[in-house]
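On the provided structure of chain A, position chain B as indicated by the hints.
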Amino acid sequence: DAKTTQPTSMDCAEGRAANLPCNHSTISGNEYVYWYRQIHSQGPQYIIHGLKNNETNEMASLIITEDRKSSTLILPHATLRDTAVYYCIAKKGGTSYGKLTFGQGTILTVHP
Amino acid sequence: GAVVSQHPSRVICKSGTSVKIECRSLDFQATTMFWYRQFPKQSLMLMATSNEGSKATYEQGVEKDKFLINHASLTLSTLTVTSAHPEDSSFYICSASLGQEGNYGYTFGSGTRLTVV
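Going line by line, the protein sequences match chains A and B. The numbering used here numbers the first residue of the first sequence as 177 and each following residue consecutively. The numbering used here numbers the first residue of the second sequence as 17 and each following residue consecutively.
Calculated directly from the structure, the hints in this document are not laboratory data. Don't take every hint at face value.
[Unchecked claim] Computed footprint of chain B on chain A; a stretch qualifies when at least three of its residues, placed anywhere within it, have a C-beta under 8 Å from a C-beta of chain B:
| # | region |
| --- | --- |
| 1 | 190-200 |
| 2 | 274-284 |
[Stated by the list, open to error] Each computed DSSO-like pair below joins lysine-lysine, with the alpha-carbon atoms no more than 30 Å apart:
| # | chain 1 | residue 1 | chain 2 | residue 2 |
| --- | --- | --- | --- | --- |
| 3 | B | LYS71 | B | LYS36 |
| 4 | B | LYS80 | A | LYS179 |
| 5 | A | LYS245 | A | LYS268 |
| 6 | B | LYS80 | A | LYS268 |
| 7 | A | LYS228 | B | LYS80 |
Positions of the beta carbon are idealized from the N, C-alpha and C atoms, including for glycine.
Only chain A is shown next, with the shape it has when bound in the complex (with noise of 0.2 Å):
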């Protein structure tokens, strides 16, 4: 699987929004892109996948540029409950078959 960079840390204010970069340029055609958050001393939770698409759920949005070597994940309203680590993994094919395998992650603090 493709190696992802993400900032280490980022801070937004509550009520804004928050946009979480993520580089993966060496990605391959097949492989998705994935966005997990990790809430202190909680299990990861799935936020959001794409592959060339933009997509939008419940929760936030990926945009991923058209080259796929980079993404950005929106939430579009942050709040404080929002204040975890988020990883970005890039992963061969959408289902969940394989391992996942997490990098360092960007912490992402929303303060008031």
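Frame of chain A, contents of chain B only:
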């Protein structure tokens, strides 16, 4: 939605004893389960992959005789830390695969905080 129940949430044990952690899929059958370990301020590290009815596949550097994994049914996998030592103190997390594409491809347990004294 798919729920994975992990128990206990916290456990303290004496050095040299064994500890068993359970991971149950409550409303689905998990063909594959994964076990991770997470040290403070670090990311999750995959320890092993277990498939129902077969031996677990361990990641490089993980001692299979120390971390015993049993996946005897489609809804239960257990991790036993044998002869635990203080350096085994960590946050252990299980994950279950639904084997299908979609929002619930991987679902995680809430984790077990193991402290060996």
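Holds or violated: LYS71 (chain B) to LYS36 (chain B), with C-alpha atoms at most 30 Å apart: holds, 17 Å
Holds or violated: LYS80 (chain B) to LYS268 (chain A), with C-alpha atoms at most 30 Å apart: Answer holds: LYS80 (chain B) to LYS268 (chain A) is near 27 Å, not above 30 Å.
Cβ contact check, 8 Å cutoff: the region 274-284 of chain A against chain B, three residues minimum: holds (count 7)
Assertion that chain B covers the region 190-200 of chain A - criterion: three or more residues, beta-carbon distance below 8 Å: Since 0 is below three, the answer is violated.
Given hint LYS268 (chain A) paired with LYS245 (chain A) - CA-CA distance at most 30 Å: It holds: about 15 Å lies between the C-alpha atoms, which stays within 30 Å.
Pair hint outcome, LYS228 (chain A) versus LYS80 (chain B) [Cα-Cα no greater than 30 Å]: violated, 39 Å
Pair hint LYS80 (chain B) and LYS179 (chain A), alpha-carbon separation not exceeding 30 Å: Holds: LYS80 (chain B) and LYS179 (chain A) sit about 27 Å apart, inside 30 Å.
Violated hints, in rising order: 1, 7; the structure is consistent with all others.
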